[in-house]
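Peer 1: For reference, the chains in residue letters:
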Amino acid sequence: MSTEEEREIRERMTRCWLSAEPSVRAYIAAAIRSSVDREDLLQQVALTVARRFDDYDPSRPFLPWVLWLAKSRIIDFYRTKQRRPTLLDDSMLRQLADHLIDRQNDGASRLEALEHCLEKLPDRSRRLLNMRYHQSLGIEKIAEAIRSTPVSVRVTLFRIREALADCIQRRLAGEAER
Amino acid sequence: MTSHPLPEHLKKLIDRWLDEDLPEDEAKELYSGLAETSGAIGWMADRALLHQWLGKTTTDLHFTKPPIARIDESGRWPVRSLLAAAIVTAVGLALLTIAWPRSASASANFRVQQALEHCQPIADRHYQVYVENRNATRRQLLRSRNDRNSSTLWVRGNQFVQQFQHSGERLAWGRDAFGAVWFTVDGATAAVFQPNEIPDSLEEVCDLRSLNLATLLETLLRDYKLTFRGKAHEVETIEATVRPEIKRSKYGKIEIEIDRDSSMVRRVSMERIQNGRIAATVHFDWIETKIAPNSLYELSSYLRPEAPIVDHRSPRGERAELLKRFLGRLRVTQWSR
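Note that the protein sequences, when read in sequence, are chains A and B. Residues in the first sequence are numbered consecutively from 1, following the numbering used here. Residues in the second sequence are numbered consecutively from 1001, following the numbering used here.
Heads up, a few of these hints could be off.
[As the list claims (entries may be wrong)] Far from chain A, some chain B residues (derived; all Cβ distances over 12 Å):
{"id": "1", "residue": "A1027"}
{"id": "2", "residue": "E1255"}
{"id": "3", "residue": "K1290"}
[What the hints assert, rightly or not] Some but not every residue of chain B turned toward chain A, in silico, with C-beta under 10 Å:
{"id": "4", "residue": "R1016"}
{"id": "5", "residue": "I1041"}
{"id": "6", "residue": "Q1052"}
{"id": "7", "residue": "E1203"}
{"id": "8", "residue": "V1205"}
{"id": "9", "residue": "R1209"}
{"id": "10", "residue": "R1222"}
{"id": "11", "residue": "F1228"}
{"id": "12", "residue": "E1234"}
{"id": "13", "residue": "V1235"}
{"id": "14", "residue": "T1237"}
{"id": "15", "residue": "R1325"}
Since the hints were made in silico from the structure, they are not lab data. Every residue, glycine too, gets a C-beta built ideally from N, C-alpha and C.
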């Protein structure tokens, strides 16, 4: 293989991975409990993609292929931990992948809508999201930091996410009507 | 993110699982709920995606408050916060890139990847900004007025401050660390909009005139076809055009100049799309990158001591009127290069 061909393949792989990464992360997060294990699995999937990219048929969508690889890694993980599937069985993993694949087409619109909706949030809600996602604090730590209770933080974060999901839906529906 | 008629208790269990906050015994209850409730898996997929996007948008665009903005005593950026920001984007790129040998002459995509890796530490960037209006009549009018004032822009993540002159007045406006957008004319009058109060007209100009480089470069790698347009001794020029499969984009054609040695982005020219049409071409010329004080993005730094601030508590209509006049001045300072 020439250097030029290698470079083209590498670029195609990077582009494919960047567009699929949020869905792969979501898939692993839904299936695996611990964030450390989630990161390990994500790295394993990325390495598998790099090693087996020759097997990928570029005429077909990338996401189903990478989620199929991720599913194998998740099942391996369950097996090595010698547990029954901690949350999702084979059929559920397949449904989850199908749903993420359906969502990929309007992913960019949803992300843009989310950015808009975040700007509309009150300051306090933005601070909580900042602590959870930017500073990666757990619920208990956030509760300590704002002198509240874990129950209250859980409920508040749940409501913020519900409000954001609702705002995204309304914005997308509004765009569809235009 | 479709709203399914799912029991609220089950939704909360899913959120707690994704937050790594669900004990083993309650995980069994979640498993039963997922297996027995129609639409539960789909809802979980949507929610898991929302969690991922929140991680990404809050890192890229928002909340650059003290832990990130503060400098430690040694004068360096806090490594932990920057690492967290970098990991979100870089983990896949790094893993994928190491699997392939790097060649001596980099491709356009590879150069943009290098520029993205280079710009991850969120420092303050200073630009000269030119906005080229696409409306020929307005352009002609502005030429005849010879109104060719330039503006400068400082950017730190989602925060920005822009300053320019208009008909002898000194104007400044920006977005602070808490997401509030403010503006002032001569430091004598000022108005502030909290994040949940920002009208669409103001949000549109914020979007048009500010620049989040990391977000832009990621968008280029994901949604654009990149080709070299020229290679000079010191800089490489890359032209980016939207891939045909991308249905909606905030930008049209984009051109960036990347420093050959440092991988630093020196110039960005981009067509901004609004309502499906090219609204303007905005040119950002890099001046410097340095660590600026937090106060640079705060309204108080541009106000005279006695100046009143108009906000949501002010008499009805006062703030809207100030905004209307301010946006009028802002539009007049668009010109052809």
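Peer 1: Since E1255 of chain B was said not to touch the interface, does its Cβ keep a gap of more than 12 Å from each Cβ of chain A?
Peer 2: Its Cβ never comes within 12 Å of chain A, the nearest being 19 Å, so this holds.
Peer 1: Report holds or violated for the interface hint on R1325 of chain B, using the least CB-CB distance to chain A and a cut-off of 10 Å.
Peer 2: Not OK, violated: R1325 of chain B not within 10 Å of chain A, min 23 Å.
Peer 1: Does R1016 of chain B pass the interface hint, meaning its C-beta sits closer than 10 Å to a C-beta of chain A?
Peer 2: The hint holds - R1016 of chain B has a Cβ within 10 Å of chain A, the shortest such distance being about 7 Å.
Peer 1: Under 10 Å is the threshold here; is the Cβ of E1234 of chain B close enough to any Cβ of chain A for the hint to stand?
Peer 2: Where the cut-off is 10 Å and the nearest Cβ of chain A is about 23 Å from E1234 of chain B, the hint is violated.
Peer 1: Looking at K1290 of chain B again, its CB stays over 12 Å from all of chain A?
Peer 2: Since the minimum Cβ distance to chain A is about 23 Å, K1290 of chain B lies beyond 12 Å and the statement holds.
Peer 1: With chain A as the partner, please determine if F1228 of chain B meets the hint condition of a C-beta pair closer than 10 Å.
Peer 2: Check failed: Cβ of F1228 of chain B comes no nearer than 13 Å to chain A, outside 10 Å.
Peer 1: Hint validation: R1222 of chain B versus chain A, beta carbon distance must be below 10 Å. Holds or violated?
Peer 2: Holds. Min distance 5 Å.
Peer 1: Given V1235 of chain B as an interface hint, is the shortest Cβ-Cβ distance to chain A below 10 Å?
Peer 2: Hint violated; V1235 of chain B Cβ to chain A Cβ min 21 Å, cut 10 Å.
Peer 1: Return the status of the interface hint for V1205 of chain B: holds when the least beta-carbon distance to chain A is below 10 Å, violated otherwise.
Peer 2: Violated, because the Cβ-Cβ distance from V1205 of chain B to chain A comes to roughly 14 Å (cut-off 10 Å).
Peer 1: Can you verify the interface hint for Q1052 of chain B: is its Cβ closer than 10 Å to any Cβ in chain A?
Peer 2: Since chain A brings a Cβ to about 5 Å from Q1052 of chain B, closer than 10 Å, the hint holds.
Peer 1: When the nearest CB of chain A is found for T1237 of chain B, is that gap smaller than 10 Å?
Peer 2: violated, 18 Å
Peer 1: Report holds if the minimum CB distance from A1027 of chain B to chain A is greater than 12 Å, and violated otherwise.
Peer 2: Label violated. Min Cβ-Cβ 6 Å, cutoff 12 Å.
Of the numbered hints stated above, those contradicted by the structure are hints 1, 8, 9, 11, 12, 13, 14 and 15, listed in ascending order.
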